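S.K.: The lines below spell out each chain.
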Amino acid sequence: MSDRRSWPLFEVFVRSRRGLSHVHVGSLHAPDAEMALRNARDLYTRRQEGVSLWVVEASQITASSPEEKDSFFDPAGDKIYRHPTFYDIPEGVEHL
Amino acid sequence: MNTRDYALSLGDDALVAAQRMGEWIAAAPQIEEDVAVGNIALDLLGQARSLLTYAGSLEDPVRTEDDLAYWRDEREFHNVHLVERSWGVLPERPRDFGVLVARLLVLSTYLCELYDRLSTSTDETLAAVAAKAVKEVDYHRDHATLWVLRLGDGTEESHTRMQAALDAEWPYVAELFDDAWVDPTLVERGVAVLPSTLRDPFDLRIVDVLARATLHLPDVAAAVGGGRRGVHTEQMGYVLAEMQHLTRSHPGATW
Numbered sequence: 001m002s003d004r005r006s007w008p009l010f011e012v013f014v015r016s017r018r019g020l021s022h023v024h025v026g027s028l029h030a031p032d033a034e035m036a037l038r039n040a041r042d043l044y045t046r047r048q049e050g051v052s053l054w055v056v057e058a059s060q061i062t063a064s065s066p067e068e069k070d071s072f073f074d075p076a077g078d079k080i081y082r083h084p085t086f087y088d089i090p091e092g093v094e095h096l
Numbered sequence: 001m002n003t004r005d006y007a008l009s010l011g012d013d014a015l016v017a018a019q020r021m022g023e024w025i026a027a028a029p030q031i032e033e034d035v036a037v038g039n040i041a042l043d044l045l046g047q048a049r050s051l052l053t054y055a056g057s058l059e060d061p062v063r064t065e066d067d068l069a070y071w072r073d074e075r076e077f078h079n080v081h082l083v084e085r086s087w088g089v090l091p092e093r094p095r096d097f098g099v100l101v102a103r104l105l106v107l108s109t110y111l112c113e114l115y116d117r118l119s120t121s122t123d124e125t126l127a128a129v130a131a132k133a134v135k136e137v138d139y140h141r142d143h144a145t146l147w148v149l150r151l152g153d154g155t156e157e158s159h160t161r162m163q164a165a166l167d168a169e170w171p172y173v174a175e176l177f178d179d180a181w182v183d184p185t186l187v188e189r190g191v192a193v194l195p196s197t198l199r200d201p202f203d204l205r206i207v208d209v210l211a212r213a214t215l216h217l218p219d220v221a222a223a224v225g226g227g228r229r230g231v232h233t234e235q236m237g238y239v240l241a242e243m244q245h246l247t248r249s250h251p252g253a254t255w
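Chains A and B, in that order, are what the protein sequence lines are. So the first sequence is residues 1 to 96, counted in the working numbering. So the second sequence is residues 1 to 255, counted in the working numbering.
In short, the hints are calculated from the structure, not lab data. Computed from a predicted structure; not experimentally measured. Beta carbons are placed, not taken as given, at the ideal position from N, Cα and C, and that holds for glycine. Heads up, none of these hints are tricks.
A short list of chain B residues far from chain A (calculated; beta carbon distances all over 10 Å):
| no. | residue |
| --- | --- |
| 1 | T53 |
| 2 | L58 |
| 3 | R93 |
| 4 | T120 |
| 5 | A164 |
| 6 | W181 |
| 7 | S196 |
| 8 | D208 |
| 9 | V209 |
| 10 | P218 |
| 11 | V231 |
| 12 | H245 |
| 13 | T254 |
So the derived label-pair ranges between C-beta atoms look like this:
| no. | chain 1 | residue 1 | chain 2 | residue 2 | range |
| --- | --- | --- | --- | --- | --- |
| 14 | A | R47 | B | A180 | 37 to 45 Å |
| 15 | A | R47 | B | E74 | 34 to 42 Å |
| 16 | A | E49 | B | T214 | 34 to 42 Å |
Using the sequences and the hints given, assemble the complete structure.
M.R.: Right, dumping it as structure tokens:
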């Protein structure tokens, strides 16, 4: 702990209740993953926000970069046939 | 000595421990640890509130938790010395994180055993308070254990300081297990727990943690004690001054 700023950054994911996915809620510093999980418990679930926690060291995440935004996401913009909007939904089908 | 006295002593332990731990908020190694210690202090404060409210309700006339926390003087507090002491080992380092970790390990391990046993007390209120608190102190113990492992089995400096902190706290451990202040009839009636019966399970857990942390059980003589009789160390006056001055300067103030 001689250099306290050298603690790695962890990203925190909380599942708010059974059946839902873990959602990113923020980040924190911790000396290791086990402590990060405790810190996450104290910082992000102290008001009963969750039933499950993940922590991931931020450096382990591979993310798309802003420069790639055009080639990554724009091509999907005019492909309306990828949306299931050309079907008639039979009456009585609720969960579609 | 009656149920009121018993609840009051346990409440004072929690209250003074919480007050002392509050000093770490904005002073821990990282902001994440500030929050962790703050949460632990608030858990202890919650236990103190329940226990003091119960103790006050058994008095005639009844006193509130605030009456008991803010309007008693030093000799009327019955907490052990462990929880009232300041956080330093060396004068040049008045707030040593190792001391916080050592004290938290000792206190939470003791409280885990105490509340676990007390949750089956024949006194329904004490049993209910203990049943809620045991989950809280179990987490405190987990937090302290993780830090003891990392500091004890960390660098040469962290190991030396962790051992020094344990050595500094250890003389105050024996007072936790002193039976002299507990009325035997309270134990016979199943209201109170005989403190000395908590010592073996306490030692088992501590020895296990210290062994994994490459630390050794301190071999030091017990301090004199006296907290249960209202006799306190020099440090206690400072704790009370900080805790009580606002209420006493502005009686009845609300916000």
